[in-house]
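Asks: Each chain, written out:
2 protein chains.
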Amino acid sequence: MNLTILGCYAATPRTFTNPTSQVLEINNRLFLIDCGEGTQVQLRKNKVKFSAINHIFISHLHGDHFYGLIGLISTFNLLNRNNPLTVYGPVGVKEIIKLQLKLSNSWPQYELNFVELSSNQSEIIFEDDRVIVKTIPLKHRIYTNGFLFNEKPKERKLNVAAVQEYEIETCYYQNIKNGRDITLDDGRIISNELLTFDPPAPKSYAFCSDTVYNEEIVNVIKNVDVLYHESTFLDSEEVLAEKTMHSTAKQAAKIAKLANAKQLVLGHYSTRYTSIDLFKEEAQSVFEEILLSDDGVTFEF
Amino acid sequence: MNLTILGCYAATPRTFTNPTSQVLEINNRLFLIDCGEGTQVQLRKNKVKFSAINHIFISHLHGDHFYGLIGLISTFNLLNRNNPLTVYGPVGVKEIIKLQLKLSNSWPQYELNFVELSSNQSEIIFEDDRVIVKTIPLKHRIYTNGFLFNEKPKERKLNVAAVQEYEIETCYYQNIKNGRDITLDDGRIISNELLTFDPPAPKSYAFCSDTVYNEEIVNVIKNVDVLYHESTFLDSEEVLAEKTMHSTAKQAAKIAKLANAKQLVLGHYSTRYTSIDLFKEEAQSVFEEILLSDDGVTFEF
Numbered sequence: 001m002n003l004t005i006l007g008c009y010a011a012t013p014r015t016f017t018n019p020t021s022q023v024l025e026i027n028n029r030l031f032l033i034d035c036g037e038g039t040q041v042q043l044r045k046n047k048v049k050f051s052a053i054n055h056i057f058i059s060h061l062h063g064d065h066f067y068g069l070i071g072l073i074s075t076f077n078l079l080n081r082n083n084p085l086t087v088y089g090p091v092g093v094k095e096i097i098k099l100q101l102k103l104s105n106s107w108p109q110y111e112l113n114f115v116e117l118s119s120n121q122s123e124i125i126f127e128d129d130r131v132i133v134k135t136i137p138l139k140h141r142i143y144t145n146g147f148l149f150n151e152k153p154k155e156r157k158l159n160v161a162a163v164q165e166y167e168i169e170t171c172y173y174q175n176i177k178n179g180r181d182i183t184l185d186d187g188r189i190i191s192n193e194l195l196t197f198d199p200p201a202p203k204s205y206a207f208c209s210d211t212v213y214n215e216e217i218v219n220v221i222k223n224v225d226v227l228y229h230e231s232t233f234l235d236s237e238e239v240l241a242e243k244t245m246h247s248t249a250k251q252a253a254k255i256a257k258l259a260n261a262k263q264l265v266l267g268h269y270s271t272r273y274t275s276i277d278l279f280k281e282e283a284q285s286v287f288e289e290i291l292l293s294d295d296g297v298t299f300e301f
Numbered sequence: 001m002n003l004t005i006l007g008c009y010a011a012t013p014r015t016f017t018n019p020t021s022q023v024l025e026i027n028n029r030l031f032l033i034d035c036g037e038g039t040q041v042q043l044r045k046n047k048v049k050f051s052a053i054n055h056i057f058i059s060h061l062h063g064d065h066f067y068g069l070i071g072l073i074s075t076f077n078l079l080n081r082n083n084p085l086t087v088y089g090p091v092g093v094k095e096i097i098k099l100q101l102k103l104s105n106s107w108p109q110y111e112l113n114f115v116e117l118s119s120n121q122s123e124i125i126f127e128d129d130r131v132i133v134k135t136i137p138l139k140h141r142i143y144t145n146g147f148l149f150n151e152k153p154k155e156r157k158l159n160v161a162a163v164q165e166y167e168i169e170t171c172y173y174q175n176i177k178n179g180r181d182i183t184l185d186d187g188r189i190i191s192n193e194l195l196t197f198d199p200p201a202p203k204s205y206a207f208c209s210d211t212v213y214n215e216e217i218v219n220v221i222k223n224v225d226v227l228y229h230e231s232t233f234l235d236s237e238e239v240l241a242e243k244t245m246h247s248t249a250k251q252a253a254k255i256a257k258l259a260n261a262k263q264l265v266l267g268h269y270s271t272r273y274t275s276i277d278l279f280k281e282e283a284q285s286v287f288e289e290i291l292l293s294d295d296g297v298t299f300e301f
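First to last, the sequence lines map onto chains A and B.
For the first sequence, this note's numbering begins at 1 and goes up steadily by one.
For the second sequence, this note's numbering begins at 1 and goes up steadily by one.
No lab work stands behind these hints: they were computed from the structure.
One or more hints might be untrue.
[What the hints assert, rightly or not] Just the calculated beta-carbon pair ranges, DEER-fashion:
| id | chain 1 | residue 1 | chain 2 | residue 2 | range |
| --- | --- | --- | --- | --- | --- |
| 1 | B | Tyr-110 | A | Arg-141 | 18 to 28 Å |
| 2 | B | Leu-78 | A | Glu-289 | 31 to 41 Å |
| 3 | B | Lys-257 | A | Asp-294 | 49 to 59 Å |
[To be verified] Think about it this way: if two alpha-carbon atoms lie no more than 25 Å apart in a straight line, the pair counts; the simulated DMTMM-like pairs of lysine to aspartate or glutamate are:
| id | chain 1 | residue 1 | chain 2 | residue 2 |
| --- | --- | --- | --- | --- |
| 4 | B | Lys-257 | B | Glu-123 |
| 5 | A | Lys-45 | B | Asp-294 |
| 6 | A | Lys-94 | B | Glu-116 |
| 7 | A | Lys-94 | B | Glu-95 |
| 8 | A | Lys-102 | B | Glu-95 |
| 9 | A | Lys-98 | B | Glu-116 |
| 10 | B | Lys-94 | A | Glu-116 |
| 11 | B | Lys-102 | A | Glu-116 |
| 12 | A | Lys-102 | B | Glu-116 |
| 13 | B | Lys-102 | A | Glu-242 |
| 14 | B | Lys-102 | A | Glu-95 |
| 15 | A | Lys-203 | A | Glu-151 |
| 16 | A | Lys-98 | B | Glu-95 |
| 17 | B | Lys-45 | A | Asp-294 |
| 18 | A | Lys-102 | B | Glu-242 |
| 19 | B | Lys-94 | A | Glu-95 |
Note that the Cβ used here is the ideal one computed from N, Cα and C, for glycine as well.
The following block holds chain A by itself, in its conformation from the complex:
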């Protein structure tokens, strides 16, 4: 699993910082999460193949999280994309995109689908044979979701020495990897545990931005491997954080601790701060495993 931060600063794009967007690669699937203005250029700079993006998740309709979406959709079309594209986001995102495509008379030649969200309960919005994506209802000034990405359990690893010892034919190997016991020709049943090793544990990633401090999300993201939680402000701006329905670094750390996350990635920094080092320092007073996101950084998990 790896995570490329295309942009992790709040509010407005600036010369050297970009609004929210990130690319998650998990179990050989690639997802684009949020799409602030300039995301398509950030994708180019970070050498993400446009054709690998088939699913875009939009947390909410504030500009710093989706103003780059219409441009990316248009660019895909100019580059003669063929693959279908699905956009997951709040009700309204479809109307915004469709209106602009209609008025520019440039409806894409590829299939463009929208999954519009309006529930305040966590729900599964994407599932294939490798990954499940659920919403994480967040509390912000407008309707907002985070997204929880779970790898599906991988197949068990074959214990080659064991299957050879029992002289099991190769045609049964896939069944064994799928967890089945095996009945030998002499009637003996060999338990799967003897024939396989545990696969790597499925990984999980939770994206939570933007949100005020909200313990209700802890149940949804419990035991997540990597939590990205917005930390717009430092502790000195705690009152402002609550007023604008954002979080501080320390509050993000509290959520990570309550959720028993393995690692916490901070981001969505207010552009008022000249350095982001203090975010890590303040968060580590609550939770040890802190990573600071920054534009163009890739984390491998």
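We have chain A; now place chain B onto it with these hints.
Replies: Below, chain B without anything else, positioned relative to chain A:
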């Protein structure tokens, strides 16, 4: 008069090139023309004061000419802008912007006005004491206007030696600068020509992008000082130019020649070309005074 090119490449923003946007400073007025994605960052990079922008002209609703508008409008609000802002553009631009501001629940606190255009005749859309702006109806795949910016005639220059010779009191100087003749106490009438010099000739700038080769615009832009005319393609792509309703460098030069322009600025280059030098070469086979726009370049006229 000076012109800063924020972006002059067609189609999609890329790592080192930007879609159309430019800042025209004319007679101490500043106008933003088109606003492709990333324009607000280009404004920052080129140190254009956001507060100096009060009028934005949008030629048409293709993404590479206006996808940066919603972000700029939002950023103005985040930066606590007070001045009113007026956007001039095709019918529909207001609906697109309003829909996004409504769904993000972030209507600007400053006064935001729209002047929506739908006429196929040249019309005056802006006028104050210094500048007049007229539309230039263009022919493109969707409804499109260029814009002609004309300085208003400046006041005449006082001939200081002459007014002293006639012992004219200073309280009459403004009348003289305004072109009036003067009656002396002894009844003699002194013609204004004896008391003043000609002011600098008013300057004019025509922005024509995007458009197929169209001689009908020549009448509107006749004798313009500086013509920016799109040159998406080189001569080898003339058929493609007509099909996509764009122009070649040579066609832009033909329009400049027919219009008796003093200078021609080329731009809106297709991103298929690795160098823009050939644009100048081909255009100069028709018209001598060619300037090549490029992102971040400022021309002084």
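Asks: So, for every hint listed, does it hold in this structure?
Replies: Status of each hint after checking the structure:
At about 19 Å, the CB distance of Tyr-110(B) to Arg-141(A) agrees with the hint of 18 to 28 Å. Under the hint 31 to 41 Å, the C-beta atoms of Leu-78(B) and Glu-289(A), about 33 Å apart, fit the expected range. Take Lys-257(B) and Asp-294(A): their Cβ atoms lie about 52 Å apart, and the range 49 to 59 Å holds. The suggested pairing of Lys-257(B) with Glu-123(B) holds, with an alpha-carbon distance near 23 Å, which does not exceed 25 Å.
Simply put, Lys-45(A) and Asp-294(B) have alpha-carbon atoms about 20 Å apart, close enough for the 25 Å limit, and the pair holds. Proximity of Lys-94(A) to Glu-116(B) is assessed by CA-CA distance (about 24 Å); at most 25 Å being required, the pair is judged to hold. For the proposed pair Lys-94(A) and Glu-95(B), the alpha carbon gap of about 15 Å is at most 25 Å, so the pair holds. Our distance criterion of 25 Å between C-alpha atoms is met by Lys-102(A) and Glu-95(B), whose separation comes to about 12 Å.
Between Lys-98(A) and Glu-116(B) the alpha-carbon distance is near 20 Å, which keeps this suggested pair within the 25 Å criterion. Proximity of Lys-94(B) to Glu-116(A) is assessed by CA-CA distance (about 24 Å); at most 25 Å being required, the pair is judged to hold. Distance check on the hinted pair: Lys-102(B) and Glu-116(A) sit about 17 Å apart at the alpha-carbon level, within 25 Å; holds. Restraint check for Lys-102(A) and Glu-116(B): satisfied, since their Cα atoms lie roughly 17 Å apart, inside the 25 Å limit.
For the hint pairing Lys-102(B) with Glu-242(A), the CA-to-CA distance comes to about 23 Å; that is within 25 Å, so the pair holds. Of the supplied pair hints, the one linking Lys-102(B) and Glu-95(A) holds, its CA atoms being roughly 12 Å apart against a limit of 25 Å. Restraint check for Lys-203(A) and Glu-151(A): the C-alpha separation of about 5 Å stays at or below 25 Å, so the hint holds. Restraint check: the Cα-Cα separation between Lys-98(A) and Glu-95(B) comes to about 12 Å, which is no more than 25 Å; the hinted pair holds.
Distance restraint check for Lys-45(B) and Asp-294(A): the Cα-Cα separation of roughly 20 Å lies within the 25 Å cut-off, and the hinted pair is therefore satisfied. Between Lys-102(A) and Glu-242(B) the alpha-carbon distance is near 23 Å, which keeps this suggested pair within the 25 Å criterion. A distance of roughly 15 Å separates the Cα atoms of Lys-94(B) and Glu-95(A); the hinted pair therefore holds under the 25 Å criterion.
Checked against the numbered hints above, the structure breaks none of them.
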